[in-house]
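Build the full structure now, drawing on both the sequences and the hints.
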Amino acid sequence: MGTEDIEIESRNLNLWYGDTQALKDISIPIQKNMVTALIGPSGCGKSTFIRCINRMNDLIKGCRITGKVLFEGSDVYENDVDVVVLRKKIGMVFQKPNPFPMSIYDNIAYGPRIHGTQTKRELDKVVEDSLKAAALWDEVGDLLDKPALDLSGGQQQRLCIARTLAVKPDVILFDEPCSALDPISTARIEDLIAELKHDYTIIIVTHNMQQAARVSDRTAFFLLGEMIEFGDTKQIFERPVEKSTENYITGRFG
Amino acid sequence: MSRAIRGRIFSPDITDKVAILLLWASAAITVFILVSIIGMIVYRGIGVIDISFLLDSPRMSGAEGGIFPAIVGTLCLVAVAILTAGPIGVGAAVYLTEYAPDNVVTRIITFGVECLAGIPSIVIGLFGYAFLVVYLGFGFSILSGGLALMFMILPWTVRASEEAIKTVPGGLKDGSLALGATKWQTIRQVVLPSALPGITTGFILGIGKAIGETAVIMYTAGSSLLLPESIFEPVRALPYHLYILASEGISDEMAYGSAAVLLGMVLLINFIAVAIQRYYQTRSGLRH
Ligand SMILES: Nc1ncnc2c1ncn2[C@@H]1O[C@H](COP(=O)(O)OP(=O)(O)OP(=O)(O)O)[C@@H](O)[C@H]1O
Ligand SMILES: [Mg+2]
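Line by line, the protein sequences are chains A and B.
According to the working numbering, the first sequence is numbered sequentially starting from 1.
According to the working numbering, the second sequence is numbered sequentially starting from 1001.
Under 10 Å between C-beta atoms, here's a sample of chain B residues computed to sit facing chain A:
1) P1169
2) L1177
3) G1180
4) T1182
5) V1190
Which stretches of chain A does chain B cover? Using the computed rule of at least three CB atoms under 8 Å from a CB of chain B, they are:
6) 52 to 65
7) 88 to 98
8) 104 to 115
9) 163 to 170
Bear in mind the hints are in silico, worked out from the structure with no lab data behind them.
Values in this document were obtained by computation on a predicted structure and should not be read as measured data.
By construction, the Cβ of each residue, glycine as well, lies at the ideal position given by its N, Cα and C atoms.
Put into structure tokens, the structure is as follows:
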């Protein structure tokens, strides 16, 4: 693995919720314009890890962090980091589609408005571009004033992706984006991720081994708060070094 | 095994039926009480209600004429109460749910809100008299009465708003924050709009309580039967008017007529509340 073009890098990252340690000494380089998958059994700290990257764990009481998360060369936990700018650059799509109870248009325009885009013309364009990029424009282009909650689950998730794209991030974090979706919607999101990786750096948490194998270039295997193995997806799935990785991938536990 | 099944004195079937019957009876009694009250008031009051009853001023202390000033008085008092209790209630609820640290002070505040809700209205009336009417010099006026009513309904608006805010799914907040919104932007643009139907319901309950309240305004709003020209003038609220008509033996008929109008206003407000709630839910897609 070359060290060129590393967009994000965690170095000796430890995290505690109160007294329990949820992440132990995690060091992972995340390559630019690649899809990095995080796999591992439930409760092993995958969500906790990606929530460190955009500092969503800041909101959790009793959460303590040591180590570094480097983004564009500087530590996101430095005191002078503007969390608003950080989260604008590192978008996040959640497990459960969470469109706001507003129109489709307002959902997409929400981020740009917050970050200062005001004119109708600009917003119209962002909304259209984002929906097109999220492969949703053909389905909802005429329904922009409809409530977002009227959409199907799969459409809602693509709307959430579009909403994230609308603030023009560099990185997108996906936390089990398909776990609430049917196979067809899942396939569409996977296609979308393959498309998006040309323009964005992507990290995806998934419980679905085939999904990790299909969409990702790199895979990290987590177990009980530790990162057990990290490497090219092909290598991890075909020739895992660690026994526990192999056990997990072959479904022998977890 | 079969003895255990057959040995029961009452078969489960019968216990079931008795339970259902009792539950049904409870529901029936509730409805019966409601219907009796409405029926009796409407039956005895409907005779005097016509346009001039609603739109005329009273004559001979209310034995003749209408109740227009009392209707206006009630609406003004409730308006002052809700326009002040609304922002303060939502503000306090947002602070308590989103910002207040989880410590002793916060728990004391929350407990204080509970206590405020438990203070008998006559006591609030007395305090309103001493503080608003006399000390602040607002006199018997819409302002004094409205603010005293606000003291009474504030805990309900705070609590209803808190409940409504707490039921907003955490995922929505995360979604907004993850887009780079600040906490306040998230609260104002996502949390509060999502909580609006619940908050509205709380307010309507507050209005419902305020509109029928007598003890609080008796000492604060005055008992003038003239139309007010500003919030510094006294008014007589509808329930107080009804109380005077009945207790001083001025006119039973007029008292029931006033009661029927009061009842109508409360029902209308509830109806509007439901309509508003549906409107928001349909618009946001929370309901179809
Ligand atoms: N807010 C929190 N407070 C305390 N402990 C937490 C919190 N969130 C997660 N944990 C704990 O941290 C550990 C890691 O949780 P995390 O959600 O990161 O796991 P995960 O790998 O994403 O699991 P899943 O696959 O089920 O989503 C778990 O033991 C969990 O109980
Ligand atoms: Mg998780």
